[in-house]
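Generate the whole structure from the sequences, applying the supplied hints.
Those protein sequences? They're chains D and W, same order as listed.
Residue 21 is where the first sequence starts when you use this note's numbering, and the numbers rise one by one after that.
Residue 4 is where the second sequence starts when you use this note's numbering, and the numbers rise one by one after that.
To be clear, the hints were calculated from the coordinates, so they are not data collected in a lab.
Where a beta carbon is used, it is the ideal one built from N, C-alpha and C, also for glycine.
Accuracy of the hints is not assured; some may be wrong.
Listed next, with one range per pair, are the computed distances between beta-carbon atoms [as the list claims (entries may be wrong)]:
| id | chain 1 | residue 1 | chain 2 | residue 2 | range |
| --- | --- | --- | --- | --- | --- |
| 1 | W | Gly-23 | D | Ile-309 | 47 to 53 Å |
| 2 | D | Lys-55 | W | Thr-113 | 49 to 55 Å |
| 3 | W | Glu-208 | D | Ile-309 | 53 to 59 Å |
| 4 | W | Glu-103 | D | Pro-348 | 44 to 50 Å |
| 5 | W | Gln-132 | D | Arg-329 | 39 to 45 Å |
| 6 | D | Met-325 | W | Lys-203 | 53 to 59 Å |
Derived BS3-like pairs: lysine-lysine, alpha-carbon spacing no greater than 25 Å straight-line [as the list claims (entries may be wrong)]:
| id | chain 1 | residue 1 | chain 2 | residue 2 |
| --- | --- | --- | --- | --- |
| 7 | D | Lys-295 | W | Lys-203 |
| 8 | D | Lys-114 | D | Lys-40 |
| 9 | W | Lys-91 | W | Lys-130 |
| 10 | W | Lys-91 | W | Lys-127 |
| 11 | D | Lys-323 | D | Lys-295 |
| 12 | D | Lys-231 | W | Lys-271 |
Chain W regions said to be covered by chain D (calculated; three or more residues, Cβ under 8 Å) [stated by the list, open to error]:
| id | stretch |
| --- | --- |
| 13 | 192-200 |
| 14 | 234-248 |
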Amino acid sequence: MTSVLETTTISPLLQVRDLKMHFPVKEGVFMRTGKYNKAVDGVSFDIMPGETLGLVGESGCGKSTLGRCIARLYQPTAGEIVFDGTDISRLGRKALMPFRRDIQMIFQDPMESLNSRHTVGEILEEPFIVQKIGNRISRQQRVRELLDVVGLPARSVTRYPFEFSGGQRQRIGIARSIALNPRLIICDEPVSALDVSIQSQILNLLVDLQKEFHLSYLFIAHDLAVVKHISDRIAIMYLGKVVETGLGESIYRTARHPYTQSLISAIPVPDPHRKSQRQVLSGDVPSPINPPAGCTFHTRCPKVMDICRTVPPLLTTDGQPVACHLYPGSTP
Amino acid sequence: MPEPLLSVRNLITEFDTDEGRVRAVDDISFSIDAGQTLGIVGESGCGKSVTAQSIMRLLPQPMGQINGGQIVFQGQDLVTLGLDHMQKIRGARIGMVFQEPMTALNPVHTIGRQLTEVILLHKKVSKDQAIREAVHMLDRVGIPAPDIRMTEYPHQLSGGMRQRVVIAMALVCQPALLIADEPTTALDVTIQAQILELIKELQAEMGMAVMLITHDLGVIAETSSSVVVMYAGKVVESGSVFDIFDRPTHPYTRGLLESIPRLDTPQKARLQIIPGMVPGLLDLPRGCRFENRCRFRQDHCTTAHPPTEMVETGHDVACYEWRTVVQHEVGTGGDSSRFKLSAIA
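Structure below.
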């Protein structure tokens with residue numbers, strides 16, 4: 021296997037290097053910037069063509085902010101976002117235009133991300149108009165194709181988003197995201213708002229589309245079971261930092277970081293025979309405005325040591341990188 | 004056999020909407036024994052929350068009304084009970100926890116004021132005594148520095164802490180029944196684990212019964228001893244937690260169990276799906292409500308809703324075709340090794 025990888029050099033589609041997104045926090049009567057919300061604080065990873073990277077973490081860990089930085093909905097504070105060889109982290113509006121075609125986004129709540137005053141036909145045609153592609157006839161032809169690909173009837177063209185159910189609306193959102201033949205789609209909690217029986221329909225659709233169009237996904241979700249199902253590799257985030265990455269199966273079977281371990285043990289398993297051997301984490305996620313010194317997880321960690329309170333751990337460089345002082349290579 | 008603590012019999016709850024009257028809960032029956040945990044599972048719009056609101060007599064007014072059946076709690080029918088009597092039961096003998104703790108708490112009053120209000124309303128104690136009880140209760144639900152928290156407002160607490168306060172409010176009068184409507188859905192998974200453990204601990208300590216409403220089959224499997232599965236206003240299957248997970252008999256229950264991604268399923272494998280979607284309450288099918296999505300459908304399924312039949316003692320199903328269903332292995336096409344069906348068939 022390794023020899024194949026060595027001989028055929030596949031370069032990553034996306035390389036994120038030490039990305040930081042610090043939001044200023046305005047305080048006091050004069051609204052001065054005193055502190056920063058370090059939502060994303062030094063994150064690095066790669067996504068290969070056709071690969072799905074799952075990004076898991078609890079609310080406030082910075083996973084959505086990270087996704088929005090890569091889609092360049094935000095201008096990151098520092099770091100590089102190298103897409104297909106070009107660093108897009110500092111590009112201006114005009115220079116970004118071609119990359120907007122290649123990087124698309126699917127949001128959690130399609131009711132909020134679809135314009136409620138536009139028909140589905142108008143919503144799906146808009147990307148082509150913005151990018152000045154085709155004429156009216158060819159655009160409408162493409163809209164019908166898109167509806168067919170995501171499994172919606174052709175008559176949906178004249179309907180409005182509110183006329184559809186949650187699952188169907190998410191199909192519209194997906195159709196819009198694949199309209200311009202993108203290479204990377206950032207899926208931000210795409211199934212969290214859906215009912216169980218609809219969720220599996222959408223997950224199957226995403227897997228089918230990936231195979232058919234050779235898409236790469238950054239799949240952001242808090243549900244580890246869903247993420248593991250769809251992802252090739254998984255990155256676990258806690259308070260703006262990646263604490264562990266690895267293949268989906270190995271993250272689940274041999275989680276190394278104490279946070280990953282407790283995250284996995286916290287998931288309720290739909291099997292009444294299974295005896296719960298849960299490690300319940302105490303306390304809440306600390307505020308990213310004033311994160312704990314050292315390892316940011318030390319306030320909740322069941323295996324905390326003295327060094328954790330002062331020295332921030334580094335991601336190891338072995339097969340399943342982990343940022344935890346329990347592992348050699350993590351302590352600087 | 005002792006009387007169940009709560010017994011819902013043929014309950015019908017309807018709503019008046021602009022488009023006409025809809026039946027959100029249609030002729031459902033189930034019961035809960037003292038100290039037991041009953042899980043009610045179903046997707047949005049199946050009527051599980053309306054069932055809880057009916058029991059608490061907290062239906063949105065004037066649209067919602069109970070138009071049939073009985074809700075017998077400790078020998079009293081709550082449907083016909085006067086509102087002043089109902090108020091004495093609510094919060095004292097039946098506690099309730101909602102999904103979104105911020106909406107259950109009053110944002111302009113301190114935690115302490117809201118907690119003592121409940122105690123003073125239901126118990127004949129002095130204000131000082133009420134404050135002492137409130138602090139004690141906050142301590143029991145695991146809130147650090149409870150006497151300081153008493154003086155704080157809901158927005159000063161995290162989501163998990165707020166839900167602990169709501170649980171403290173629901174349990175401060177030691178109710179015989181706790182109704183928890185999606186108590187952990189808005190919370191992160193590590194906080195969810197804390198809250199579920201807390202409810203379990205307090206239940207063991209206080210001996211109350213819990214009616215847990217959720218869409219999460221994992222939560223049901225870990226907490227409940229009995230399960231009621233609802234679909235479009237009807238109970239389609241009920242039984243012990245082992246009946247439901249090991250020997251699911253209704254096609255909908257099976258569909259739910261098969262369609263969830265699990266940590267132990269192979270990556271990117273095709274998930275089983277339930278085709279189509281839940282019918283709207285305004286245009287329900289005449290026959291079985293699941294008929295248009297069901298792979299076991301026969302002609303008679305479309306004419307009338309199937310009666311509830313007994314599969315085994317304590318395990319009931321509303322499906323004409325259940326005898327055919329049980330002969331099919333669960334998860335055909337997917338990974339079927341998890342399920343053992345030999346017990347019936």
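Now for the hints, and whether the structure bears them out:
no.	hint	result
1	Gly-23(W) x Ile-309(D): 47 to 53 Å	51 Å, holds
2	Lys-55(D) x Thr-113(W): 49 to 55 Å	27 Å, violated
3	Glu-208(W) x Ile-309(D): 53 to 59 Å	37 Å, violated
4	Glu-103(W) x Pro-348(D): 44 to 50 Å	45 Å, holds
5	Gln-132(W) x Arg-329(D): 39 to 45 Å	42 Å, holds
6	Met-325(D) x Lys-203(W): 53 to 59 Å	31 Å, violated
7	Lys-295(D) x Lys-203(W)	14 Å, holds
8	Lys-114(D) x Lys-40(D)	23 Å, holds
9	Lys-91(W) x Lys-130(W)	19 Å, holds
10	Lys-91(W) x Lys-127(W)	13 Å, holds
11	Lys-323(D) x Lys-295(D)	23 Å, holds
12	Lys-231(D) x Lys-271(W)	11 Å, holds
13	192-200	holds (count 8)
14	234-248	holds (count 3)
Hint compliance for this structure: hints 2, 3 and 6 are broken, all remaining hints hold.
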